[in-house]
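Participant: Sequence:
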Amino acid sequence: MVALAAIALLIGGAFAGLILEGAHDPSGALAAFDGYLLRVARFTLWQALLSTLLSVAPALLVARALSRHPTFPGRRLILQLFTVPLALPAIVAALGVLALYGRAGYFAGILGKFGGGEWPGIYGLSGILVAHVFFNLPLATRLFLESLATVPTDQWRLASQLGMGAWPALRLIEWPALRAALPGIAGLVFMLCITSFTIVLTLGGGPSATTLEVAIYQALRFDFDPARAVVLTLLQIGLTVVVVAVLMRLGANTVGDANLPVAPRRYLATGKVEAVLNAGLIALALLFVAGPMAATVLAGLDADLGRLAGEDAVRLATLTSAGLSFVSALLSVILSLSLIAARRALALRRRAGSAMSLLEHATDTGAGFVLVVPPIVVGAGWFLALRGITDVFAIAPVMVVAVNAVMAMPFAIRAVRPAYDAASERHERLCVALGISGWNRLRLVDWPSLRRPLATGFAFAMALSLGDLGVIALFGSDAVQTLPYLLLARMGSYRTADAAGLALLLGLVCLMLVVAADWLGREAKA
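Counting in my numbering, the sequence shown runs without a single skipped number right up to 543 at its last residue.
Bear in mind the hints are in silico, worked out from the structure with no lab data behind them. Hints should not be assumed to be uniformly reliable.
As the list claims (entries may be wrong) - The calculated label-pair distances, taken between Cβ atoms and stated as ranges, are: (1) L37 - L98: 43 to 53 angstroms; (2) L322 - V449: 51 to 61 angstroms; (3) L365 - P87: 35 to 45 angstroms; (4) A307 - G223: 26 to 36 angstroms; (5) L37 - G129: 48 to 58 angstroms; (6) Q172 - R56: 42 to 52 angstroms; (7) W63 - L336: 35 to 45 angstroms; (8) R56 - E445: 52 to 62 angstroms; (9) R196 - G327: 53 to 63 angstroms; (10) S371 - A292: 52 to 62 angstroms; (11) A307 - L37: 43 to 53 angstroms; (12) V258 - P200: 14 to 24 angstroms.
C-beta atoms are modelled at their ideal positions from N, C-alpha and C, and glycine is treated no differently.
Sequences are here, hints too, so could you generate the full structure?
Facilitator: So, in structure tokens, the structure goes:
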């Protein structure tokens, strides 16, 4: 009940702030429905649609190429590399894209020669699309590859016996599996793009390339137009609700996880032409994904890392990020475990064949509700609710911890719930017979089975909180700065070398946390 109340308070408080602000100034809210609002909404949908097409269409081809060559040299390394974008904070990826394709990027000279003049850079729609594809192409590829791995081996064996070629195999065996997964994967990528904040904030390049979430941030931090912020927030919520409803209808995985079998399977023999084309596709995808990562590392190493490490602002921001992300991850894991345990207890008490109670439904799906409301929307609601009560910038640590903890709960639940249910299935009757409950049960019975899944959820939640910019962008100030906030400030003051060094530090820490989470998760399954 406490965990559900925490979620309800966070989301409900944000909605209350928006409703009260709208009721306080209804004329201002009505006046916000102007050409700017329509232009921002149109660009939000347009960039999400283009990003989805540019991510999903190549992912279909790359996934099929990888599935056709289970013994492709470095295949496992490529798949591991495709998980790295999921671990990188969005602002780090944006810096990598700029370091590679920006006006002073590594490819600026080559691109300028092709363009017949000085390369203008990649700000605007082109930069947003490149960054979104960098994030979503590997994710979509892994999800499509997972779908192809579900094709029964008997079908491939029969196709081989019949001497089936590449085109008939694609049409009769591979395409049905890909087509079934296509709506859900495309919907997931569309949702990720429509709720993108950091990418658009850093690469948008002006009013002509602004999405609803960035417009909310600008309305509160720069224009201080609460009425417009309310209208933009409500429109963003409406769009997100529609997209999530469609995703649920399509059965998409809104957490974006893809666990792939590593054992190679022998498929049909491939001809030389097809093998060359598939190898080229894989190589292009690999270069596209690896390019910004390499540029981030090179640009970071070129920075004066020693001087950065000695700056008080950097050290304070690092300690602030570490402390806030640790508390946020700990709170997220505690709330997640509470919901998991409550759901299991209610399920055991329910009579066989009876319907789930409202409370059981809430413990089962309550955490997933936060996926409908992006962090910047929650922050905007609380910003408006608290601005007349207290100094909103003074409570930045509380808001960052609370919002990031709740937003990480769906991921923590996904890591812990299977292990908890399995442990309960094994030990429930014995614990009841021996009267073991409460703290003693957690310490003696559940903890040995749950420590690795809990560590997985904790590490992943800490990585998400560490790289988040959505809430701190609203509540941050000179007194409270995290690494992403400081990085954004250095970019805004054109200290690109410092920003590159901070991006390298932040990216490495988040990557190590996600690698640790993945390793702990694999050990737990083993």
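Participant: Now look at each hint and say whether the structure bears it out.
Facilitator: Here is what the structure says about each hint:
1. Between L37 and L98 the beta carbon distance is about 48 angstroms. The supplied range of 43 to 53 angstroms therefore holds.
2. One distance hint, 51 to 61 angstroms for the beta-carbon pair L322 and V449, holds here, with the actual separation near 57 angstroms.
3. Judged by the Cβ atoms, the range 35 to 45 angstroms given for L365 and P87 holds: they are separated by roughly 43 angstroms.
4. A307 and G223 have their C-beta atoms about 30 angstroms apart, which keeps the hinted 26 to 36 angstroms range intact.
5. Range check, L37 to G129: Cβ separation about 52 angstroms, and the 48 to 58 angstroms hint holds.
6. The beta-carbon spacing between Q172 and R56, approximately 50 angstroms, falls within the hinted interval of 42 to 52 angstroms.
7. For the pair W63 and L336, the beta carbons lie near 41 angstroms from each other, so the given range of 35 to 45 angstroms is met.
8. Under the hint 52 to 62 angstroms, the C-beta atoms of R56 and E445, about 57 angstroms apart, fit the expected range.
9. Hint check: R196 to G327, Cβ distance near 56 angstroms, so the stated range 53 to 63 angstroms holds.
10. Between S371 and A292 the C-beta distance comes to about 57 angstroms, which sits within the given range of 52 to 62 angstroms.
11. A hinted range of 43 to 53 angstroms for the beta carbons of A307 and L37 is consistent with their spacing of about 49 angstroms.
12. For V258 and P200, the Cβ-Cβ distance of about 18 angstroms falls inside the hinted range of 14 to 24 angstroms, so the restraint holds.
No hint from the list above goes unmet by this structure.
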